[in-house]
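S.K.: The primary structure of each chain is shown beneath.
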Amino acid sequence: MLRSRRARTPQPLSEPLAVAATASLAERLARTRRVAIVPARNEAACVGDVVREIRAFDPGMEVVVVDDGSRDGTAAAAEAAGARVVRLPFNLGIGGAVQTGFRYALERGFELAVRLDGDGQHDPAQLPALVRPVLEGEADIAIGSRFVGESDYRPPLVRWLGIRLFAGLVSLLVRQRVTDTTSGFQALNRRAMALFAHDYPHDYPEVEATVMLFKHRLRLVEVPASMRERAAGASSITFWASGYYMSKVLLALFVGLFRRNVTRLEEDS
Amino acid sequence: MTPLPVSIGGVVASLVLLTIVFELIRSRRLRERYALLWLVTGVVMLVLSAWRDALDTFAGWAGVTGYPPAVLFAVGLFFIIVVLLHYSTVISKLADENAILAQRLALLEAELRERAGRGR
Chain A
1 MLRSRRARTP QPLSEPLAVA ATASLAERLA RTRRVAIVPA RNEAACVGDV VREIRAFDPG
61 MEVVVVDDGS RDGTAAAAEA AGARVVRLPF NLGIGGAVQT GFRYALERGF ELAVRLDGDG
121 QHDPAQLPAL VRPVLEGEAD IAIGSRFVGE SDYRPPLVRW LGIRLFAGLV SLLVRQRVTD
181 TTSGFQALNR RAMALFAHDY PHDYPEVEAT VMLFKHRLRL VEVPASMRER AAGASSITFW
241 ASGYYMSKVL LALFVGLFRR NVTRLEEDS
Chain B
1 MTPLPVSIGG VVASLVLLTI VFELIRSRRL RERYALLWLV TGVVMLVLSA WRDALDTFAG
61 WAGVTGYPPA VLFAVGLFFI IVVLLHYSTV ISKLADENAI LAQRLALLEA ELRERAGRGR
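Protein chains in written order, with the numbering used here: chain A, 1 to 269; chain B, 1 to 120.
Just chain B, with the same shape it has in the complex (with noise of 0.2 Å):
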């Protein structure tokens, strides 16, 4: 069984997790679209966090014997992992897009510089 002080502490951690995704949303600091993952981890590790049975049920599956909250690391490794792909594929998606604004704005300005000069 999980001892109840780490049940304790789960909760409150995915509370604040929660609680500080939320506030980032609400204050417009952080998109909807990028959140998602985070309020799923947040919600996942709340129940896992809460429901003790069902973690203990969990770890049974997975073959934790000696200690249940293992599980709670995995899953919360798992969810991390996750969320910094979705941002490495948003940070080459966003500098792909730069090198794309940088090219046009330095032909802009070229055709813009040109036409400045044939204007004279």
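Isolated chain A, as found in the complex (with noise of 0.2 Å):
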């Protein structure tokens, strides 16, 4: 089930994608250069689960996971598992860790990049449907929602509300149905990795770079995922964080109305 925008005109695709128009999904994914970017915050008991799935699910795809200035082991369990380690010298934030991947994909020429958390509650089995939007020219990016299609996904209600409202603030603004604007499981061509690598928010950074995605004439389409209990840790949402988040991308979205100067790609392939 997916969503397109609204028609425009077609993009020419970029060159291995456009080939193996014809190739199943499965021959191109295993032509493009893929990477998986998964940052981590003291995620050492999960992390190493994390890639061993990644990589058992396709061990063509690089796995790097961005240590987001951990004080446990996590790049320890991350490196001995098989993935490349990009270590941040301290904290910088969820949306600082994922944009250090982007630019990572970015830089080192792949041409496909996934997005799973470190926590391990996005399943590395459902990555064929979650990228098959973007190599297939689709989408610039697709992303896991876990409210399209059926769904058993019941958050507290407090939660849902918020889901909720996001979902209908940025649905009016970006013009397209958008169900669910906190997710980190996704997959994104060049177009939508340059953008990201260039700009992109630094708390709860989803809700705006939804909207960032719209304003810059990039496709998005949401395809269901589902995602599963947290293998450990907390998360990262509590109370009071709540609060600031909602106020934080309440701000961010309305000044985000007024805001004219849009990011110029040089990377339009």
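Each hint should be verified, as a subset may be incorrect.
Unchecked claim - Computed beta-carbon distance windows for the label pairs:
| # | chain 1 | residue 1 | chain 2 | residue 2 | range |
| --- | --- | --- | --- | --- | --- |
| 1 | A | PHE258 | B | VAL43 | 29 to 39 Å |
| 2 | B | TYR87 | A | ARG71 | 29 to 39 Å |
| 3 | B | HIS86 | A | SER171 | 31 to 41 Å |
| 4 | B | VAL44 | A | GLY243 | 13 to 23 Å |
| 5 | B | ASP96 | A | GLY243 | 20 to 30 Å |
| 6 | A | ASP49 | B | LEU112 | 23 to 33 Å |
Please keep in mind that the hints were generated in silico from the structure rather than gathered at the bench.
All C-beta atoms, glycine included, are put in the ideal place defined by N, C-alpha and C.
Put the two chains together into one complex; each comes in its own frame, and the hints tell you how they fit.
M.R.: Next up, the structure:
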């Protein structure tokens, strides 16, 4: 179930993707330089499994773990599991960590980047559905949503309200139905990577990032995805933080309405 | 009319501020760029304190009839807010640049480690 934004002038596909237009998804994936970006902070207990799962699912996919100033053995655990590790010298927050991964992917010439969180809530087995719209050139970014299609995800009432509120607001702003504005389960092509490598919000980035995609005329689709319970650690959004979260994101959305300067993307491949 | 002790106090305070700022610049503990707003603040406060007729005139314009030095407080408060806002923008910029540096450093370190591993 894909919801593509209203039709616009077709974008030329980057060559390897276009050439492969007839090949099956698996063959096309195998021919694409691809990387998994895994932001992790103090996830020593889970990050190794996450890396191993991704590598088991697709051995040809490079896995880069962005260690966001962890104080436990996150980097060592990721490295032992076979990931490249980029260690930030101090904690930048999820936005800064993910952006580091996008920069890595962009600079090293990857054509496809997927993002999975280091706590293991995203299941690599769901990657094929996620990467398909991007590989086939239907979208610049695909986002796994817990609310598209059949879903048994039932968040607590307050969180549900918050998610609904932002989803409604963002849907209005981007004139396209968006159901899950907090999902960190994403697949991106180079256009989307370039945008986020250049400009990405710092705290709780996903809501603003969705609006940025729209402003830069990138195509977004949501694909159904289920997410697992956190294997360890606590959600980054605590009670007090959620107040800051709401205010910060609302302010950013409001100010964003009046922001005209659109980031020019040099890399319009 | 502004009471004389208030004017004298205002002049002394402004001169102390200007002296401190000057000394901070001289000893290179404060960049000229960030000192300019403080210098303007000091000079404006000094002029308004010393030139008592002007302060009374401004107070009249502002509708402050009872106590002209209230204008001094208002002007001082205004400049402090401007300086603080300016600092907030400076901090935001520094934080952005800091994040970029951290990311660049992390990416370079990763590349360096990779090359060292390959060279072995």
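S.K.: Give me the numbers of the hints this structure contradicts, sorted from smallest to largest.
M.R.: 4
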